[in-house]
Each structure stands twice: as structure tokens, then as C-alpha cells.
Amino acid sequence: MDTKGVGVALIQIIPGLLWPLLFFLFAFLLRDVFRPFVQALKIRLERGEALKFWLIELQKIALASGAQLPASGKFQVISIPDRQKEIEAEKQRIRNLMLVDVSFRDENSRSKKPEWSIVFFLAPHYGDLSVVDRVEYALDTGWGSSVFVSTDRTRGFAVKVGSYGSVLCSACIYFQDGTAISQTRYALVENT
Numbered sequence: 342m343d344t345k346g347v348g349v350a351l352i353q354i355i356p357g358l359l360w361p362l363l364f365f366l367f368a369f370l371l372r373d374v375f376r377p378f379v380q381a382l383k384i385r386l387e388r389g390e391a392l393k394f395w396l397i398e399l400q401k402i403a404l405a406s407g408a409q410l411p412a413s414g415k416f417q418v419i420s421i422p423d424r425q426k427e428i429e430a431e432k433q434r435i436r437n438l439m440l441v442d443v444s445f446r447d448e449n450s451r452s453k454k455p456e457w458s459i460v461f462f463l464a465p466h467y468g469d470l471s472v473v474d475r476v477e478y479a480l481d482t483g484w485g486s487s488v489f490v491s492t493d494r495t496r497g498f499a500v501k502v503g504s505y506g507s508v509l510c511s512a513c514i515y516f517q518d519g520t521a522i523s524q525t526r527y528a529l530v531e532n533t
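The opening position of the sequence shown corresponds to residue 342 in our numbering, with each subsequent residue numbered one higher.
Just to be clear, a hint being listed does not mean it is correct.
Here are the computed lysine-lysine pairs in the DSS-like style, where the Cα-Cα straight-line distance is at most 30 Å [unchecked claim]:
#	residue 1	residue 2
1	501	453
2	415	454
3	432	501
4	501	426
5	426	415
6	415	432
The hints are simulated quantities; they were obtained by calculation from the structure and are not laboratory data.
Let the sequences and hints guide you as you build the complete structure.
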């Protein structure tokens, strides 16, 4: 048996084994230093704040609390081929960028009325947010002439507003090539 060859092979493997061991030893020795950092990250995520590090972005997804969908009424399915053409034309017009909303009840509100947080944003449906420069959101009468402008592509150009009821939103989407389109969305909140 060639023990010299085995010894040489072990010497070549040892550096590869020491790096992970050194990493875990380093993490163990500095765990008290990293603990406040990890707890701060956890608190940010629990509050719904986004966390972005290089190519990784984490954020809490806000869902409607206790929302109940209405039951479907009676309907029938018929065939109208031109409707599909209309849908495709609309998708082309809006460049496959859908204006969507998410609503959830604000449990921390001090108001006697139920208050809602509503987030409007663009969701690409085979579209590309990189062609968008900014989005201007105008809301119905409760906000007067205020226009909310978002340039944050990483969050889908989202804006979050507080409301006591359902809201009509008109978004003007400005593209990098200088063109613009408009979309509207009605955010329906429960019990309104």
C-alpha cells in the first residue's frame, strides 16, 4: 500500500475542508455581533418593509384580511371571436403592463371608521418594467388634485395610500421612449 500517495491526497483535500470549518467558526465566534443585525432584518420584514441586497429582494406580501369574494351569479358561456382580438389589442396598447391593486385592512388605525391600505402597482404580464420611466397615480375626490409619482421600478412603481373606502385610480404610465398611456383601476374594499 502506498501511504505516501494517500498523505499527498489528504494534504490536497485539507484546504478545501478548512474553509467551511473556518466560516462556521467565524460565524459562531461573532454570533453576538450578528444577532442585532439579523433581528433588525427580521423586524423590517415583519413590518412589510422591503429588504434589498444585491440581486435579492425580500418583502412581505400583504393580503386582504378576511376578504370574502361575492358568489358568482348565473351566466352562460358563448363564443365571440372578436372579443379575443379586442383583448390582444388592449394588451398591445398597454404593453402587457397591468395596473393592479392589493387592499388590506389597517388594524393599527385609530379612526372609528374602518381604514384600508391600498397599494397600486404595475404587474408585467409578459411585459417589461425596464421600458417604464415613471408612473403618476391620480385618485378620486378624496385626494383632491394630488398626484402620486413613483419611479421605483424594483417595487413595480407601487404607491400605498390609506382610505376609508373603495378608490378609483387613474395611472399615467410614462415610457423611456417619451410615450405615455393611461389605465384605470377601481380598488374595491370589503364592506363598501
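Go through the numbered hints given earlier and state which of them the structure violates, listing their numbers in rising order. Those not satisfied are hints 2 and 4.
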